[in-house]
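Novice: For the protein sequence lines, the chains are W and Y, in the order given. If you're matching positions, the first sequence starts at 0 in numbering that gives the first Met the number 0 and goes up one per residue. If you're matching positions, the second sequence starts at 0 in numbering that gives the first Met the number 0 and goes up one per residue.
What the hints contain is simulated information worked out from the structure, not anything from laboratory work. Watch out, some of these pointers could steer you wrong.
Just so you know, same-sequence chains aren't split out, so a pair can sit in one copy or run between any two.
Restricting the straight-line Cα-Cα distance to at most 30 angstroms, the calculated cross-link-like pairs of lysine-lysine (DSS-like) are [stated by the list, open to error]:
| no. | residue 1 | residue 2 |
| --- | --- | --- |
| 1 | 395 | 122 |
| 2 | 330 | 122 |
| 3 | 281 | 133 |
| 4 | 266 | 87 |
| 5 | 187 | 99 |
| 6 | 87 | 129 |
| 7 | 361 | 435 |
| 8 | 133 | 122 |
| 9 | 266 | 201 |
| 10 | 330 | 129 |
| 11 | 129 | 233 |
| 12 | 266 | 122 |
| 13 | 281 | 356 |
| 14 | 133 | 266 |
| 15 | 330 | 187 |
| 16 | 356 | 435 |
| 17 | 232 | 65 |
| 18 | 133 | 87 |
| 19 | 361 | 87 |
| 20 | 187 | 435 |
| 21 | 99 | 133 |
| 22 | 361 | 409 |
| 23 | 167 | 395 |
| 24 | 330 | 65 |
| 25 | 187 | 283 |
| 26 | 99 | 129 |
| 27 | 361 | 65 |
| 28 | 435 | 133 |
Listed below are the residues making up each chain.
There are 2 protein chains.
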Amino acid sequence: MVPRVRPTSGPVVAVVLLLSSLTAVTAASARPNRCRLVESLKAEIASYRPVVDSVLSYVRDAAGYKGRTWTELANFTDAFGYRLAGTKNLEASVDYVLEKLRAEHLENVHTERVQFTGWRRGKESATLIKPRVKNLAMLGLGSSVGTDLEGLRAGVVVVNSFEDLINKSSQVSGKIVVYNQPYVSYSKTVVYRSSGASEASKYGAVAALIRSITPFSLNTPHTGHQTYADGVKKIPTACITVEDAELLNRMYNRGNELEIILKMNPKFFPNVTSRNTIAEIKGKTDPDRVVMVSGHLDSWDVGQGAMDDGGGAFISWNSLVVLKNLGLRPKRTIRCLLWTAEEEGLIGAFAYLNNHKSELEKFNLVIESDEGTFQPYGIQFHGSETAACIITEVAKLFDSINATTTSFSKTNVGSDIEVFQNLNVPGAALLNRNEKYFWYHHTEADTMTVEDPDSLDLNTAMFAIVSYIIADLSVELPRA
Amino acid sequence: MVPRVRPTSGPVVAVVLLLSSLTAVTAASARPNRCRLVESLKAEIASYRPVVDSVLSYVRDAAGYKGRTWTELANFTDAFGYRLAGTKNLEASVDYVLEKLRAEHLENVHTERVQFTGWRRGKESATLIKPRVKNLAMLGLGSSVGTDLEGLRAGVVVVNSFEDLINKSSQVSGKIVVYNQPYVSYSKTVVYRSSGASEASKYGAVAALIRSITPFSLNTPHTGHQTYADGVKKIPTACITVEDAELLNRMYNRGNELEIILKMNPKFFPNVTSRNTIAEIKGKTDPDRVVMVSGHLDSWDVGQGAMDDGGGAFISWNSLVVLKNLGLRPKRTIRCLLWTAEEEGLIGAFAYLNNHKSELEKFNLVIESDEGTFQPYGIQFHGSETAACIITEVAKLFDSINATTTSFSKTNVGSDIEVFQNLNVPGAALLNRNEKYFWYHHTEADTMTVEDPDSLDLNTAMFAIVSYIIADLSVELPRA
Numbered sequence: 000m001v002p003r004v005r006p007t008s009g010p011v012v013a014v015v016l017l018l019s020s021l022t023a024v025t026a027a028s029a030r031p032n033r034c035r036l037v038e039s040l041k042a043e044i045a046s047y048r049p050v051v052d053s054v055l056s057y058v059r060d061a062a063g064y065k066g067r068t069w070t071e072l073a074n075f076t077d078a079f080g081y082r083l084a085g086t087k088n089l090e091a092s093v094d095y096v097l098e099k100l101r102a103e104h105l106e107n108v109h110t111e112r113v114q115f116t117g118w119r120r121g122k123e124s125a126t127l128i129k130p131r132v133k134n135l136a137m138l139g140l141g142s143s144v145g146t147d148l149e150g151l152r153a154g155v156v157v158v159n160s161f162e163d164l165i166n167k168s169s170q171v172s173g174k175i176v177v178y179n180q181p182y183v184s185y186s187k188t189v190v191y192r193s194s195g196a197s198e199a200s201k202y203g204a205v206a207a208l209i210r211s212i213t214p215f216s217l218n219t220p221h222t223g224h225q226t227y228a229d230g231v232k233k234i235p236t237a238c239i240t241v242e243d244a245e246l247l248n249r250m251y252n253r254g255n256e257l258e259i260i261l262k263m264n265p266k267f268f269p270n271v272t273s274r275n276t277i278a279e280i281k282g283k284t285d286p287d288r289v290v291m292v293s294g295h296l297d298s299w300d301v302g303q304g305a306m307d308d309g310g311g312a313f314i315s316w317n318s319l320v321v322l323k324n325l326g327l328r329p330k331r332t333i334r335c336l337l338w339t340a341e342e343e344g345l346i347g348a349f350a351y352l353n354n355h356k357s358e359l360e361k362f363n364l365v366i367e368s369d370e371g372t373f374q375p376y377g378i379q380f381h382g383s384e385t386a387a388c389i390i391t392e393v394a395k396l397f398d399s400i401n402a403t404t405t406s407f408s409k410t411n412v413g414s415d416i417e418v419f420q421n422l423n424v425p426g427a428a429l430l431n432r433n434e435k436y437f438w439y440h441h442t443e444a445d446t447m448t449v450e451d452p453d454s455l456d457l458n459t460a461m462f463a464i465v466s467y468i469i470a471d472l473s474v475e476l477p478r479a
Numbered sequence: 000m001v002p003r004v005r006p007t008s009g010p011v012v013a014v015v016l017l018l019s020s021l022t023a024v025t026a027a028s029a030r031p032n033r034c035r036l037v038e039s040l041k042a043e044i045a046s047y048r049p050v051v052d053s054v055l056s057y058v059r060d061a062a063g064y065k066g067r068t069w070t071e072l073a074n075f076t077d078a079f080g081y082r083l084a085g086t087k088n089l090e091a092s093v094d095y096v097l098e099k100l101r102a103e104h105l106e107n108v109h110t111e112r113v114q115f116t117g118w119r120r121g122k123e124s125a126t127l128i129k130p131r132v133k134n135l136a137m138l139g140l141g142s143s144v145g146t147d148l149e150g151l152r153a154g155v156v157v158v159n160s161f162e163d164l165i166n167k168s169s170q171v172s173g174k175i176v177v178y179n180q181p182y183v184s185y186s187k188t189v190v191y192r193s194s195g196a197s198e199a200s201k202y203g204a205v206a207a208l209i210r211s212i213t214p215f216s217l218n219t220p221h222t223g224h225q226t227y228a229d230g231v232k233k234i235p236t237a238c239i240t241v242e243d244a245e246l247l248n249r250m251y252n253r254g255n256e257l258e259i260i261l262k263m264n265p266k267f268f269p270n271v272t273s274r275n276t277i278a279e280i281k282g283k284t285d286p287d288r289v290v291m292v293s294g295h296l297d298s299w300d301v302g303q304g305a306m307d308d309g310g311g312a313f314i315s316w317n318s319l320v321v322l323k324n325l326g327l328r329p330k331r332t333i334r335c336l337l338w339t340a341e342e343e344g345l346i347g348a349f350a351y352l353n354n355h356k357s358e359l360e361k362f363n364l365v366i367e368s369d370e371g372t373f374q375p376y377g378i379q380f381h382g383s384e385t386a387a388c389i390i391t392e393v394a395k396l397f398d399s400i401n402a403t404t405t406s407f408s409k410t411n412v413g414s415d416i417e418v419f420q421n422l423n424v425p426g427a428a429l430l431n432r433n434e435k436y437f438w439y440h441h442t443e444a445d446t447m448t449v450e451d452p453d454s455l456d457l458n459t460a461m462f463a464i465v466s467y468i469i470a471d472l473s474v475e476l477p478r479a
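Can you build the whole structure from these sequences, using the hints too?
Specialist: Pasting the structure below:
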């Protein structure tokens, strides 16, 4: 994509000058050291203060929208529970949300079909047989193949890293590899979940059991997606708990002979269909230009998908309802995207990208919430430095709710919206107090108990305000 | 019991005078406002500083005892797992510990038999049928009766307190009562687990499902003991998770008709036997007088019983090994008691009390660890104010490990040792950073992952030091 600076209407702003001055900022820093936006643009952004006050008042008013996002989300997750892509339950929940969007008189409410291969967990178990019998709490990983019906019984090699796997590779053939990698961070440690089976298979392992990707556990197994590398034999793979991985590691280091029986019976469903769900507030002067707010409606098949990503999906569509109810229609269109099949690898987002590639130049900003809807404290952004300066000015308007922090990422933010950022569309996500996010992530503990009404109100308000201002500004967000 | 002040040997200390001066302390305060121990006794306690230094150095020395309590506990729990009273597995684990105690050349190593009715969990499940099908994670409660084999299907009344149960009592007959009581504190909230079934049964409920007694959950069911009140019909009872209790409460409040199928198939075993396990360091001048350190070897049938109470039991016997290895033999006997069947209602402790009632006057202090072996920070005590002043002086010796805090309780401390405190024997327990204790308590998450080697070393050292000093002092701990 070509970096664009496209003034639309309103006061003419010398953004070009800004850009040249900002090139002085070192390329190594994603955060602008100094923002030199022209004063008129800063003033323009500051002039949205009444909009901010109006939205915040509305979501804090018991006679207004207060508690509404939480109530909607609770009604939804309590009624449908988890929503695995490829199931009738997800499609029923899409229909339910679609009806909601229409009842709220949002515009251009529709779905767009997505086709993919579905994966469905079967009966599954892992049982330590030697040195003593113990059930190992586990969750098979999405896309994993199964075992024979009677299960797979094999000896065990425990490794603590991929390097350790290489060191012990001569012992691995015919064995179940157990990964007991320490948790560093989700992004650094999740590679064991996504590639552990393939790496172990290279040395002849018959299965891979991976310590759940979490900093904290109450003997809690986590699921998630994994991918087989090209050319390796596909072997069954599941996550076990931190506690059991440590137990097996201790036993292995004592020289105990370990044996595990693994049973997994997943099913694959080629060519299932699901739907992305869309609603809009049409722009009043530039309806073809778009600011997107989004979250995904599908979830894993454990817990209730309240946090991942019920919260993100529901603050997205509720932010449009808030704007609609307050009569706030910006110049550009605000489009709400409720993705499907995110958990299987951003399938809904890729499908949307493929069908809408020609419109990409008109996407001003893509926003997503898929890392929790806890207490918000600011905005995370990936894009040009000038755009980052604009986002900084917008974030200043959240002073009354202590949410003025901005974090500028050199890499993509969010998950589904990565596919657009890869093509140079600016991306934004919520900064929220999600320190415990990965405690619940992809587990039975992803429930409404995690969600807080007041935080959901503020997150809905922030999505409404950020999308409204960016969709209404006199300038497009300049791309890198 | 008659309050006693019994100088034994060493410098004569005017404790009697102390007592009369302390009567000025208001009865409403359990904590002595001012301690007026005679200076010679304070000096005597302070003179144990070299013992404190020696024990602390030993447990921190890699060539000494460092990490040993953790290693022993890991070897034990990894080999045996949980140890439900009445099972062969507990008895095998008692034999294992007995062998350890003998191998360490502790004295008077033996067991004492205890008889009781055993309870064993069977296959069990709770499934929400209406308004939608959902598995409810659950754990049947100790001593609960079962359902028919095909299970019990009934409508549901959700209550948030016993008062709420009374308000809704006319709806309860033939129903499953779900308690969704908020967590206040363990001691205040556990009454719902222990009496919830009986209270619901009074109004004709057919079963009781109780929100687990915990301040934090990852959809984690907790088990525990319950007791049927005299005269009520015994109905099946189990704990469900915080998350599911809240879910059912929301559904109920929306007016949904709820139905649950509960299946429980526990078995009772009358007249099973188990054993309390005992080891000593015999006192060199007053071997009949006793300071007891204790914890319980049995556990619930979930998790690994590493925290509740493997840690407490193992710091107890390891504290004797530390003293033995350092050649520290006090004037009085230090007796290690590893209780059995604590979880079924202090059964081992009551049996011990019955068999040793005549020796109770010779018990100087009973110590227990059954509330975690996290980082220690001091000593909790129940007894006379003068004794509390002595404990305060002892605790001052833990300045180098920041464990000088003393907490004086007007009510009993510990669990098993309550039976002795009820008969006026002074009691002590560890103060440790156990803020998360009830997160793990009676769950699958009670594993070695909770336990920290350094904290176990310090707890072992504290048990060794406190028991040694109190067993060696020139005065008995004065009783109230």
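Novice: Taking the earlier hints as the rules, which of them does this structure contradict?
Specialist: Hints 1, 2, 3, 5, 7, 10, 15, 16, 17, 19, 23, 25, 27 are the ones this structure does not satisfy, whereas the remaining hints hold.
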